[in-house]
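Here's the letter readout for the chains.
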Amino acid sequence: MTTYYTKSHEWIRLDGEEATVGITAHASEELGELVFVEAKDEGTDVAAGDAAAVVESVKAASDIYAPVAGVLSGFNTKLSDEPTLVGNDPEGEGWIFKMKVSNPDDVTSLLTAEQYKSL
Amino acid sequence: MTDSLQRTPLHALNLELGAKMVPFAGYEMPLQYPAGLMAEHLHTRSQTGLFDVSHMGQIRIAARSGDVRDAALALESLIPADYAGLAKGRQRYGFLTNDTAGILDDLMVANMGDDLFVVVNASCKEQDAALIEAALSDRCVVTRQFDRALMALQGPQAQEAIAPLCPAAVDMRFMDVIETKLSGVPVTLSRSGYTGEDGYEIGCAAADAETVARALLAQPQVLPIGLGARDSLRLEAGLCLYGNDIDTTTTPIEASLAWAIQKARREGGSREGGYPGAEIVLRQAREGVSRKRVGLMAEGRAPVRAGAKLFADADGQKEIGLVTSGAFGPTVQAPVAMGYVATDYAGNDTALFAELRGKFVPVHVRAMPFVAPGFKR
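Chains as they are written, first to last, in full-length UniProt numbering: chain R, 1 to 119; chain D, 1 to 377.
A couple of the hints might just be wrong.
[Claimed, not checked] Pairs of lysine-lysine, DSS-like flavour, derived with a Cα cap of 30 Å:
#1 R:K78 to R:K117
#2 R:K40 to D:K318
#3 R:K7 to R:K117
#4 R:K40 to D:K359
#5 R:K78 to D:K359
#6 D:K181 to D:K376
#7 R:K100 to R:K117
#8 D:K263 to D:K88
#9 R:K117 to R:K40
#10 D:K359 to D:K318
#11 R:K117 to R:K98
#12 D:K359 to R:K98
#13 D:K88 to D:K376
#14 D:K88 to R:K100
#15 R:K40 to D:K376
#16 D:K376 to D:K263
#17 R:K7 to D:K20
#18 D:K20 to R:K117
#19 R:K40 to R:K98
#20 D:K376 to D:K309
#21 R:K78 to R:K98
The hints are simulated quantities; they were obtained by calculation from the structure and are not laboratory data.
With these hints in hand, go ahead and build the complete structure from the sequences.
See below:
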């Protein structure tokens, strides 16, 4: 499975029509240790670039955007008790939400790992 | 970072320490060091942290008569605190008020024996100095010392950390101020701070700042701490941030700061009133106010932050206040906040609701500070 990236520092990994979304290691470092993570309710329709979740450090709240259009289909409930999981493993165990994407081809317009690294 | 930002005397050291620098009050300031905000906050509460707060303004006020009491009396024409009654070597909190009893700035004033030593907020220092000069210059010599460095050493091990460098610091009590030497450098040393912990604030000449900072950082208990943790520490301690929790639209009584107006300046006191807006403050102290600053704790883990509206009901129909500071408290391990609520809702443990991303989350009015103070009385 290929992972794609956004300029706003999300990653998305597609498995059929369902995608897993989180934030990049770079974003996690910039935000510092997280104290709270919350996604919008399952079933919420989102367009590409809509706020789909929020992550909070001691000091600030930051929106996490849907990389492509779709419907939210799950939240990493482990993060409710253990928000630091995002910082410890941002692109693995620290994933934030899942979504059914409207058009799987949309992800190909996002950044590749190579392109994201060169930002 | 634009060229117009000023730098503190510890700028080079901050960069060397790996600080993430941000613009704050016209200065390039360290937001955090490599340890990060959370670790810095917890380190300050468990051991000791060193803060560069050189952006703050230091002002000396000497009476032309030569009697420091005359300078204190003159300053009382701008501030509702009892400074004429402040003993030599002691420091006291206060605030400058305007004609509508709004707060122009909050500050610390120390009686140094020969003159007064004043520390004001960075964002207000030009305005404060101009105001003090305009009001006091006939009776006093007002000297801006904005080029001096200021550091804060804060935490339960602050005394242990400073003792080898400055033995005189050990015998000081909370709010004592002395002129002494630290590592051979002349410093103005107070036993006070902005974290709720025991600790010191250290003023010195810019050229000596690095010597002092390096000597303190070489102590095993001490880590450099940025402005990010300074904010979460002061919030847990229930201390106001000027510009957020108090400003020209809030009066001392609304801000629950009546404790900083000593008996001599209150109704019936020997020097009652006599500062800008005094009639309003005296009336509010007598008759009460329609809103009060209170501490707030939210249920759950989601921080309720500055700007969040407060409601009496879970449906958001009856708005009764506003959050002015809020964050996740790393020591409390829960969201902590302060804000203004209608007086009917200001009692401890009153259940309220804060608007958070379109939802209404339960919060309770709670006594401040949120952490037990560590002052050495």
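Check your understanding: Between R:K7 and R:K117, does the CA-CA distance stay at or below 30 Å?
Key -> holds (10 Å)
Exercise for review: Decide if the proposed pair is consistent with the structure: R:K40 and R:K98, CA atoms, cutoff 30 Å inclusive.
Suggested key: holds (11 Å)
**Study point:** 30 Å limit on alpha-carbon distance, applied to hinted pair R:K7 and D:K20
**Key:** Cα-Cα ~22 Å, so holds.
Review point. Straight-line Cα separation of R:K40 and D:K318 no greater than 30 Å?
Key: holds (26 Å)
Point to revise | Holds or violated: R:K78 to D:K359, with C-alpha atoms at most 30 Å apart | key: holds (22 Å)
Review point. Does R:K117 pair with R:K40 here, judged by a C-alpha cut-off of 30 Å?
Key: holds (29 Å)
Check your understanding: Are the Cα atoms of R:K40 and D:K359 separated by 30 Å or less?
Key -> Holds - the C-alpha atoms of D:K359 and R:K40 are around 12 Å apart, at most 30 Å.
Check your understanding: Does the alpha-carbon distance linking D:K263 and D:K88 stay inside the 30 Å limit?
Key -> It holds: about 19 Å lies between the C-alpha atoms, which stays within 30 Å.
Review point. Is R:K78 close enough to R:K117, meaning Cα to Cα at most 30 Å?
Key: holds (28 Å)
Review point. Given the hinted pair D:K359 and D:K318, is their alpha-carbon gap at most 30 Å?
Key: Roughly 14 Å separates the two Cα atoms, so the pair holds.
Check your understanding: Taken at face value, is the distance from the CA of R:K98 to the CA of R:K78 at most 30 Å?
Key -> This hinted pair holds, its Cα atoms lying about 14 Å apart.
Check your understanding: Regarding the pair D:K359 and R:K98, is the alpha-carbon distance no greater than 30 Å?
Key -> OK: D:K359 and R:K98 at ~22 Å, within 30 Å.
Taken one by one, the earlier hints fail for this structure at numbers 14, 15, 20, listed in ascending order.
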